[in-house]
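Undergrad: Put together the whole structure using the sequences plus the hints.
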Amino acid sequence: MSIAALILAAGASSRFGSDKRLHHVDGVPLLARTIARYREVFRTVGVTLKPDDEDVERLIMAAGALPIVAPDAHLGQGRSLAHGVAALADSDGLLIGLGDMPFVRTQTLLAIANALGRGSAQVIRPRCNGQPGNPIGFTPPMFDALTRITGDQGARDLLHASPEMVEFVDLADAGVLRDVDRPSDIEQLPTRP
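Numbering-wise (our numbering), the sequence shown opens with residue 4 and increments by one.
By construction, these hints were calculated from the structure, which means they are not laboratory data. Hints are not guaranteed to be accurate.
[What the hints assert, rightly or not] Each pair of labels, with its calculated beta carbon distance range:
#, residue 1, residue 2, range
1, 78, 133, 30 to 36 Å
2, 27, 167, 42 to 48 Å
3, 135, 184, 16 to 22 Å
Ideal Cβ positions, reconstructed from N, Cα and C, are used throughout, including at glycine.
TA: Printed below as a string of structure tokens:
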């Protein structure tokens, strides 16, 4: 079974004040840390980016991932998600995460991928202390709906419309709830990529 990972990284970083994807933490760009974590588990990792985003494209390729340009990324995360899913649609499953969530543990990625591989639900979502988080696993029957998403909510509306399709995996990993929106969010970043 070939489960791939998709990292959404075509956002504007507006709250951060600069391009957080390229912000160095202990000499490593934030997005490179996130990609490295996913590369520990997945052979195929695609990363969405904006058009003409050459520095980020170089970073993605250097990290061993596949750059996926989302030409209409400015229309919201939904479009970035749609382009990424379309590019990786030949996968047997897809774990979709966010480029600004470098705190997710490798064991968490493995647990979600394993649950996705069992095929017991169309959507696998991590939960920590009762709170749903990211990344989220999707089976191929969900891909078509994901490629039609628009706006800035990502898959949120799709998940709320069909909660019966979601299986939660309870994990003791607060990283599924933590993203980097501001420089102060980096203070607790683990030193290991």
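Undergrad: Taking the numbered hints from earlier one at a time, note which ones the structure violates and give those numbers from smallest to largest.
TA: none
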